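Engineer: Following the hints, position chain B against chain A.
Sequence lines, in order, name chains A and B.
This note's numbering puts the first residue of the first sequence at 8, with every later residue one more than the last.
This note's numbering puts the first residue of the second sequence at 40, with every later residue one more than the last.
Be aware that one or more of the hints could be misleading.
Said to hold, decoys possible - List time: in silico BS3-like cross-link candidates among lysine-lysine, alpha-carbon distance up to 27 Å:
id, chain 1, residue 1, chain 2, residue 2
1, A, 78, A, 10
2, A, 25, A, 64
3, B, 98, A, 77
4, B, 118, A, 77
5, A, 20, B, 81
Said to hold, decoys possible - If you only want the chain A side, here are some residues facing chain B, beta carbon under 8 Å, derived:
id, residue
6, 19
7, 23
8, 47
9, 48
10, 49
11, 105
12, 107
13, 109
Hint data in this document are derived by calculation from the structure and do not stem from the laboratory.
Fair warning: this is a prediction, and the values are worked out from it, not measured in the lab.
Every residue, glycine too, gets a C-beta built ideally from N, C-alpha and C.
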Amino acid sequence: DVKVTQSSRYLVKRTGEKVFLECVQDMDHENMFWYRQDPGLGLRLIYFSYDVKMKEKGDIPEGYSVSREKKERFSLILESASTNQTSMYLCASARGLFTGELFFGEGSRLTVL
Amino acid sequence: EDQVTQSPEALRLQEGESSSLNCSYTVSGLRGLFWYRQDPGKGPEFLFTLYSAGEEKEKERLKATLTKKESFLHITAPKPEDSATYLCAVHDLFGGYNKLIFGAGTRLAVHP
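The following block holds chain B by itself, in its conformation from the complex:
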């Protein structure tokens, strides 16, 4: 069964303290892995798509990487405005079109 697990559930960082969020997945075949950011009371906002192991994408202080079993979202020198819930989702090659499987998310709090 397809599964996406994110860890930790919650993470508290001091401003400037770099860290990583983990997304491990089990799918029959990976069509793509996606990262989203969700602010409180808002819908998720798309960040990155990763298609194959070894691929990396960057945006400001965020860098997403992909291996055959997991993805990491690295946050370098975070600022309070990076506080949000980060969601990971995968698209199974055999799961039917446009069916994404989401993880439960990691709640990130960055304190000044």
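Chain A with its partners taken away, still in its complex shape:
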């Protein structure tokens, strides 16, 4: 069974803390994505990566960075968490450049106090 696994389902952090969200996929997909999902706003793309060490900004990259050192792993980093980054974070992977068939992880719900 193909899988995208996010390391933490629930996190509570304090303002100013550094936060790491990890994502691993076992489908050998070239493309990986980080989205955030907020009520009424839909999914918004933070960053995506189309190859190891390659990354592209999405619609809302401010306050975030990413790392892709291995094909199967894509990490999202919040350098200094703020309360407006409280959200559900979803990792996804996909094969090919122009596909809308994304495979999502179960999400990481982050609360910043």
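Structural biologist: Just chain B now, with coordinates in the frame of chain A:
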């Protein structure tokens, strides 16, 4: 600006009561339109891809259709297990590869 609007925001149906969800979109050029299902506390799960007006796709009680400005997800004789949030997304031909624009979703509740 690319935009995807889903309606209604929420829909409550009785088991067996057929209905449709709407996804209207504005893009420079449509590369594809995608439907996802999301259960509470889970990530979205891919359902369908539609590429051109007139195209239809079916899966069990779900049928997705596409026109030049909107897509419909028809649910025939729904069951309680069809309760979920249904998300629509579009891929703009000129929006850069792998950049999907998602709607906010329709929360569907099917009661026995």
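Engineer: Broken hints, numbered, in rising order?
Structural biologist: 3, 4, 6 and 7
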